[in-house]
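Listed in order, the protein sequences are those of chains A and B. To convert a position in the first sequence, counted from 1, into the numbering used here, add 28. To convert a position in the second sequence, counted from 1, into the numbering used here, add 28.
Treat the hints as calculated values from the structure; they're not laboratory data. It cannot be assumed that every hint is accurate.
If several chains are the same, the list does not tell them apart, and a pair holds so long as it fits within one copy or across any two.
Said to hold, decoys possible - Straight-line C-alpha distance at most 20 Å; calculated EDC-like pairs for lysine to aspartate or glutamate:
(1) K235 x E146
(2) K250 x D125
(3) K140 x D177
(4) K209 x D89
(5) K250 x D89
(6) K151 x D191
(7) K250 x E115
(8) K87 x E115
(9) K117 x D89
Quantities reported herein were computed from a predicted structural model and do not represent experimental measurements.
Protein chains: 2
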Amino acid sequence: MCADSVKNRQSSRSRVSQKKVVQKDGSGWLDVSVPFVNGMHGWPGNPPTVITMHLGTAKRDVCNVSAVNLNSHAGTHMDSPFHFLAEGKTMDDLPWDAVIGRARVVEIRDKKAIRPAELKKLKLQRGERVLFKTQNSMKSWRKAEFDRDFVYIAQEAARFLVDCGIRTVGVDYFSVGGFYKDGIETHHILLGSEVWIIEGLNLSAAKPGEYDLICLPIRLAKGDGAPARCLIRPV
Amino acid sequence: MCADSVKNRQSSRSRVSQKKVVQKDGSGWLDVSVPFVNGMHGWPGNPPTVITMHLGTAKRDVCNVSAVNLNSHAGTHMDSPFHFLAEGKTMDDLPWDAVIGRARVVEIRDKKAIRPAELKKLKLQRGERVLFKTQNSMKSWRKAEFDRDFVYIAQEAARFLVDCGIRTVGVDYFSVGGFYKDGIETHHILLGSEVWIIEGLNLSAAKPGEYDLICLPIRLAKGDGAPARCLIRPV
Numbered sequence: 029m030c031a032d033s034v035k036n037r038q039s040s041r042s043r044v045s046q047k048k049v050v051q052k053d054g055s056g057w058l059d060v061s062v063p064f065v066n067g068m069h070g071w072p073g074n075p076p077t078v079i080t081m082h083l084g085t086a087k088r089d090v091c092n093v094s095a096v097n098l099n100s101h102a103g104t105h106m107d108s109p110f111h112f113l114a115e116g117k118t119m120d121d122l123p124w125d126a127v128i129g130r131a132r133v134v135e136i137r138d139k140k141a142i143r144p145a146e147l148k149k150l151k152l153q154r155g156e157r158v159l160f161k162t163q164n165s166m167k168s169w170r171k172a173e174f175d176r177d178f179v180y181i182a183q184e185a186a187r188f189l190v191d192c193g194i195r196t197v198g199v200d201y202f203s204v205g206g207f208y209k210d211g212i213e214t215h216h217i218l219l220g221s222e223v224w225i226i227e228g229l230n231l232s233a234a235k236p237g238e239y240d241l242i243c244l245p246i247r248l249a250k251g252d253g254a255p256a257r258c259l260i261r262p263v
Numbered sequence: 029m030c031a032d033s034v035k036n037r038q039s040s041r042s043r044v045s046q047k048k049v050v051q052k053d054g055s056g057w058l059d060v061s062v063p064f065v066n067g068m069h070g071w072p073g074n075p076p077t078v079i080t081m082h083l084g085t086a087k088r089d090v091c092n093v094s095a096v097n098l099n100s101h102a103g104t105h106m107d108s109p110f111h112f113l114a115e116g117k118t119m120d121d122l123p124w125d126a127v128i129g130r131a132r133v134v135e136i137r138d139k140k141a142i143r144p145a146e147l148k149k150l151k152l153q154r155g156e157r158v159l160f161k162t163q164n165s166m167k168s169w170r171k172a173e174f175d176r177d178f179v180y181i182a183q184e185a186a187r188f189l190v191d192c193g194i195r196t197v198g199v200d201y202f203s204v205g206g207f208y209k210d211g212i213e214t215h216h217i218l219l220g221s222e223v224w225i226i227e228g229l230n231l232s233a234a235k236p237g238e239y240d241l242i243c244l245p246i247r248l249a250k251g252d253g254a255p256a257r258c259l260i261r262p263v
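Using the sequences plus the hints, can you model the full thing?
Spelled out as structure tokens, the structure:
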């Protein structure tokens with residue numbers, strides 16, 4: 029709530045370092061979401077993240093309220109099949125077991141792409157939720173600008189994941205597909221088989237291994253995707 | 029992700045009925061969040077919720093991406109102490125045990141306010157997370173416009189909750205305090221004692237009783253509040 033009689037002035041918010049992106053508290057939950065910050069980078073061409081002070085105690089309003097402008101694929105977020113498939117399921121259809129349950133954090137060494145060669149060693153199981161930790165977590169989030177050279181899932185690897193019956197895939201930058209390559213293909217392959225996708229994770233503080241996962245997107249009606257909070261806890 | 033070469037046209041999104049706000053799936057989790065819908069009502073004077081199609085397969089773009097404009101206190105959301113206290117904790121300080129754990133759904137019969145008289149019968153325990161189900165859940169969300177006569181927590185009741193050592197309070201409309209009365213006072217009393225606040229729940233499908241609660245707000249850096257997803261499951 030906040031009084032509607034208070035004056036409405038805009039003011040820009042100070043930047044928060046993207047470096048401090050993973051925090052721990054006593055509960056064991058590790059926050060693998062990136063913070064939403066005014067001016068943070070996002071997929072080129074999509075509406076930017078603009079967060080401003082709408083009401084502020086600093087300017088003698090009775091309370092603080094922020095205006096938050098972003099897009100359905102900003103920061104840590106999920107994709108629904110409808111993101112790329114005109115007749116695909118929307119965020120309304122997200123099954124909770126895709127985002128609440130065991131998950132495996134897997135480290136990928138390839139500096140360019142996630143490929144079948146590395147995936148074959150993982151002995152992936154049907155129904156697994158897999159979060160891929162690549163050099164993106166250590167490198168891409170720290171850049172001042174959007175990193176076009178992020179590590180992505182090659183389309184052959186996407187097909188491999190579908191063949192394995194993977195339930196949910198998480199990646200540590202804005203897209204499962206690459207900027208220059210396999211952007212459309214990898215999305216179509218995964219979403220076409222209703223693999224649920226979490227994008228924009230920061231896994232720099234997560235060691236490879238088994239975790240409990242909770243990832244809850246905001247309830248964006250009929251969403252093609254939605255900003256989400258994502259926590260993991262070692263098993 | 030989505031290609032940045034695609035044309036950028038705006039188009040309004042169809043309205044989604046606010047009536048279908050609580051869904052169940054086989055997992056037992058009950059979604060007590062309200063959907064974010066273009067044009068949905070919110071606190072008067074705060075930036076409105078505007079959700080538009082940025083890219084759309086319906087207009088031959090390669091994918092669907094939504095522009096999402098709202099404020100930190102839109103729909104189902106949390107308040108941090110910083111919402112009303114200039115030196116208060118922000119959403120960065122949210123402890124997970126305030127939003128993950130047991131919670132009690134309590135039904136309030138008073139049609140105007142939550143008052144100490146009803147609270148005294150509940151035998152509230154230190155550390156409890158309490159979600160108040162009032163007539164708001166059945167009435168206020170169904171209105172075409174913002175309901176100024178929603179049931180709120182009277183300031184005496186807020187003091188009672190603080191004295192009981194309540195950890196987290198959830199309410200079923202936009203504010204713990206009233207529109208005409210106790211708006212500022214109730215916030216100051218609860219936030220001043222670091223009671224964490226969840227607002228904008230729809231509890232129409234939740235019977236009074238014990239539940240597991242997960243409520244995750246998006247990670248709005250230094251937030252005075254943040255949109256959140258909130259699930260409960262009967263114990």
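Outcome of the hint check:
1. K235 x E146: within (17 Å within a copy, 49 Å between copies)
2. K250 x D125: Cα proximity of K250 and D125: one copy only (19 Å, versus 31 Å across).
3. K140 x D177: within (8 Å within a copy, 57 Å between copies)
4. K209 x D89: between (49 Å within a copy, 18 Å between copies)
5. K250 x D89: between (35 Å within a copy, 18 Å between copies)
6. K151 x D191: within (12 Å within a copy, 54 Å between copies)
7. K250 x E115: Classified as within; 12 Å inside a copy, 38 Å across copies.
8. K87 x E115: between (48 Å within a copy, 14 Å between copies)
9. K117 x D89: Classified as between; 18 Å across copies, 43 Å inside a copy.
Of the hints listed earlier, there is not a single one the structure fails to meet.
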